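Chain by chain, the residues:
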Amino acid sequence: MEKFTKITSIATPFPRANVDTDIIIPAQHLKSIKRTGFGEHAFESVRYNADGSRVEGNVFDSKRYSGANILIAGDNFGCGSSREHAPWAINELGYRCIIAPSFADIFAGNCIKNGILTVTLSQGDVDALVVAAEAGHQITVDLEEQTVTCENALYRFDFNPTHKDMLMQGLDEIGQTLTAKKAITSFEAKQKMMTPWLYR
Amino acid sequence: MPQTMYDKIWKHHLVENRGEDVALIYIDRHLVHEVTSPQAFDGLKAAGRDIHRRDSIIAVPDHNVPTKNRYLKNPDPMSIAQLEALEANALAYGLDYIPIDDVRQGIVHVIGPEQGFTQPGITMVCGDSHTSTHGAFGALAFGIGTSEVEHVLATQTLLLKKAKNMRVTVNGVLPIGCSAKDVALAIIGRVGTAGGTGHIIEYAGSVIEALSMEGRMTLCNMSIEAGARAGLVAPDEKTFDYLRGRPYAPKAGQWSAAVAHWRSLSSDDDALFDKEIFLSGDDIVPQVTWGTSPEDVVPVTGKVPAPETFDEPSKQEGAEKALSYMGLSAGQAITDINVDRVFIGSCTNSRIEDMREAAAIVKGRKKAANVIEALVVPGSGLVKAQAEEEGLDQIFIDAGFEWREPGCSMCLAMNPDKAGAGEHVASTSNRNFVSRQGPGARTHLVSPAMAAAAGIAGHFVDVRDFQGEG
Ligand code: SF4
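From first to last, the protein sequence lines are chains A and B.
Going by the numbering used here, the first residue of the first sequence is number 348, and it counts up by one from there.
Going by the numbering used here, the first residue of the second sequence is number 3, and it counts up by one from there.
Treat the hints with care, since some could be wrong.
Stated by the list, open to error - Computed cross-link-like contacts, DSS-like style, restricted to lysine-lysine with a CA-CA straight-line distance of at most 25 angstroms:
1. K420(B) to K70(B)
2. K13(B) to K166(B)
3. K164(B) to K528(A)
4. K47(B) to K350(A)
5. K277(B) to K305(B)
6. K537(A) to K163(B)
7. K381(A) to K47(B)
8. K305(B) to K529(A)
9. K460(A) to K410(A)
10. K528(A) to K70(B)
11. K10(B) to K539(A)
Said to hold, decoys possible - Taking CB as the label site, the calculated pair distances span:
12. A371(B) to L377(A): 40 to 46 angstroms
13. T509(A) to S214(B): 47 to 53 angstroms
14. F506(A) to R248(B): 49 to 55 angstroms
15. G386(A) to P315(B): 46 to 52 angstroms
16. G386(A) to A371(B): 52 to 58 angstroms
17. V105(B) to G386(A): 54 to 60 angstroms
18. P79(B) to K529(A): 43 to 49 angstroms
As the list claims (entries may be wrong) - Not close to chain A: a few residues of chain B, all C-beta gaps over 12 angstroms, as computed:
19. G45
20. R192
21. G393
In case anyone wonders, no lab produced these hints; they're calculated from the structure.
As the structure is a computational prediction, the values presented were derived from the model and not from experiment.
Note that the Cβ used here is the ideal one computed from N, Cα and C, for glycine as well.
Put together the whole structure using the sequences plus the hints.
Spelled out as structure tokens, the structure:
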């Protein structure tokens with residue numbers, strides 16, 4: 348997983364409240380055997396008309412926000428099911444950080460597992476960032492300092508220290524276990540002597 | 003300090019203590035099937051990780067495979083995708099893979115032991131809750147989820163919290179006509195589906211010692227239905243005899259060292275268990291479930307219970323719901339329940355001994371006219387071949403039963419073998435949940451002999467005095 352320390356990028360404004368996981372990735376696309384390929388269906392109802400054509404000027408496909416790594420979202424973002432497909436889909440659209448007034452718990456947890464930083468700011472601060480994003484300003488998110496800066500404004504946010512550690516080191520659960528790789532291989536060396544028939 | 007078998011295996015696999023009974027535990031063996039593995043492999047790929055130990059893995063398709071004709075195209079595109087993904091991943095990573103047309107193919111929990119892959123004292127996982135089956139060999143074996151499958155593929159370990167020790171002792175002698183399935187159901191009826199929660203169950207006593215390896219597998223298979231993640235039986239001469247010469251078993255040069263190690267695994271005489279249950283084997287009667295949980299079980303000589311006979315209001319309510327789903331009324335004799343379908347198979351009861359047990363009942367008789375279909379589905383291609391060599395297939399066919407290709411089949415409605423809404427199924431599988439065998443299907447869990455007898459009689463009968471009414 349890519350380490351998260353500090354990013355600077357333009358941002359996509361999508362301040363709708365109560366965006367649920369069905370809006371992020373509709374259930375009919377979950378019947379997959381992969382954990383990739385969800386990006387094209389992400390925010391489908393926002394991006395496509397019923398006949399499959401693009402919704403003119405939607406923020407996710409507009410040139411104006413292309414290359415944005417930050418999503419400015421609304422209150423209670425990610426509510427609904429516990430599907431991990433939601434952060435997978437968001438990741439594939441290129442977002443590494445979501446800023447919102449609040450997040451659904453399970454969704455926020457799933458984001459961390461997938462290397463996405465969720466920043467919680469007050470509604471007023473988020474409103475100000477939406478204006479800045481619409482104006483095309485660059486926004487900087489610094490996880491180490493726990494700050495968001497844009498133009499002359501600076502916002503501080505709280506973040507769980509364990510999760511901060513995981514993101515900053517770029518570790519998912521497997522990555523964390525692999526920090527004990529030496530212990531695992533030395534266990535194997537020992538076991539191979541004791542019960543050699545378990546090895547081929 | 004005296005130790006239980008579980009304590010010993012835990013200690014032998016401890017990589018790192020993480021405090022508060024949590025530890026990084028080494029995993030020796032990993033069985034991979036098509037349903038729970040595709041996203042795990044995809045996750046590995048996405049993260050650019052490799053498989054830690056290829057020689058710890060066997061991959062085999064089972065849940066989705068059609069049992070009628072191997073070469074008919076599977077009607078469900080999702081099934082096809084999962085089957086293809088398993089094959090592609092197994093080939094890409096160079097895993098030991100048993101394809102659908104290989105004689106060794108079958109249900110993971112049947113082929114693990116059959117190949118000698120399951121061994122005493124090891125830790126073993128699979129993305130399937132009935133991995134507990136392998137505990138019959140004294141292996142610490144349990145089911146895991148897809149993200150854990152990926153974790154084991156990448157690290158060969160799991161972060162686990164140590165469970166408590168529970169012992170279920172069954173002494174005495176099992177009456178003729180009763181089998182391991184009846185012991186398993188009787189235990190679940192006694193302790194309930196939450197009785198083993200948070201525990202690893204060790205089965206002990208003269209009844210367990212007298213069981214064959216197949217019987218011990220049936221028993222350990224259903225540990226999960228008793229709430230425990232794993233079950234264990236101490237390895238003995240029967241275990242060693244079963245394993246000797248199997249493809250993945252220790253080779254001649256290592257055999258005696260392996261057996262010496264295996265002998266040291268049994269719980270110490272004075273080991274303490276957090277929970278102890280005692281049953282008398284002499285009192286066990288063939289069992290039949292009447293509800294939608296494996297604990298809803300009574301002897302075949304009994305009656306469907308009245309909801310008000312349960313102590314807790316929640317259980318009363320549950321019983322009422324179950325009775326209405328099952329279309330049964332309180333006080334109805336179990337032997338008055340008509341059977342629409344028979345399913346003999348699943349990782350609980352699809353081994354050669356189960357086939358023999360069912361064939362002995364069916365021999366020379368005919369399926370009852372009201373029974374729409376009686377499926378006999380061997381657990382693996384090797385079981386199938388053995389049964390055919392013994393002529394069992396012909397016995398079933400002559401009786402009007404269907405002899406199928408190996409797979410999970412009607413154990414769960416994930417392949418074309420399903421029961422219809424409202425139909426009563428005499429099933430040798432392990433779960434009688436709502437719609438498990440098809441939307442609206444009514445499952446009754448029984449032993450292979452009881453299922454076979456029900457198929458002949460057209461309703462449940464006490465196999466002990468079954469005279470072939472059909
Ligand atoms: S036979 Fe049934 S319980 Fe066993 S692995 Fe297959 S689906 Fe699961």
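Q. Is K537(A) within 25 angstroms of K163(B), Cα to Cα?
A. The given pair, whose Cα atoms are some 23 angstroms apart, holds under the 25 angstroms limit.
**Q.** Pairwise hint evaluation, K528(A) against K164(B), where the allowed Cα distance is 25 angstroms at most
**A.** Distance of about 21 angstroms is within 25 angstroms: holds.
Q) Is K47(B) close enough to K350(A), meaning Cα to Cα at most 25 angstroms? A) holds (18 angstroms)
Q. T509(A) and S214(B), beta-carbon distance inside 47 to 53 angstroms?
A. holds (50 angstroms)
(Q) Just to be sure I understand the hint, the distance between the Cβ atoms of A371(B) and L377(A) should be within 40 to 46 angstroms; is that true here? (A) holds (44 angstroms)
(Q) Assuming the hint says 46 to 52 angstroms, is it satisfied by the Cβ distance from G386(A) to P315(B) or not? (A) At 49 angstroms between Cβs, range holds.
Q: Given the hint that K10(B) pairs with K539(A), test it: the Cα-Cα distance must not exceed 25 angstroms.
A: Holds, at about 18 angstroms.
Q: For the pair we were handed, K277(B) and K305(B), check the Cα-Cα distance against 25 angstroms.
A: Not satisfied, since the Cα-Cα distance of roughly 30 angstroms exceeds 25 angstroms.
Q: Verify the proposed pairing of K420(B) with K70(B), using a straight-line Cα cut of 25 angstroms.
A: holds (12 angstroms)
Q: Over 12 angstroms to the closest beta carbon of chain A is the bar; see if R192(B) clears it.
A: holds (35 angstroms)
Q) Does the Cβ distance between P79(B) and K529(A) fall inside 43 to 49 angstroms? A) About 45 angstroms separates the Cβ atoms of P79(B) and K529(A), which means 43 to 49 angstroms holds.
Q | Supplied distance hint 49 to 55 angstroms, evaluated on CB atoms of F506(A) and R248(B) | A | This hint holds: roughly 53 angstroms between Cβ atoms.
The structure does not agree with the numbered hints 5, 8, 9, 10, 17 and 19 stated previously, though it agrees with the rest.
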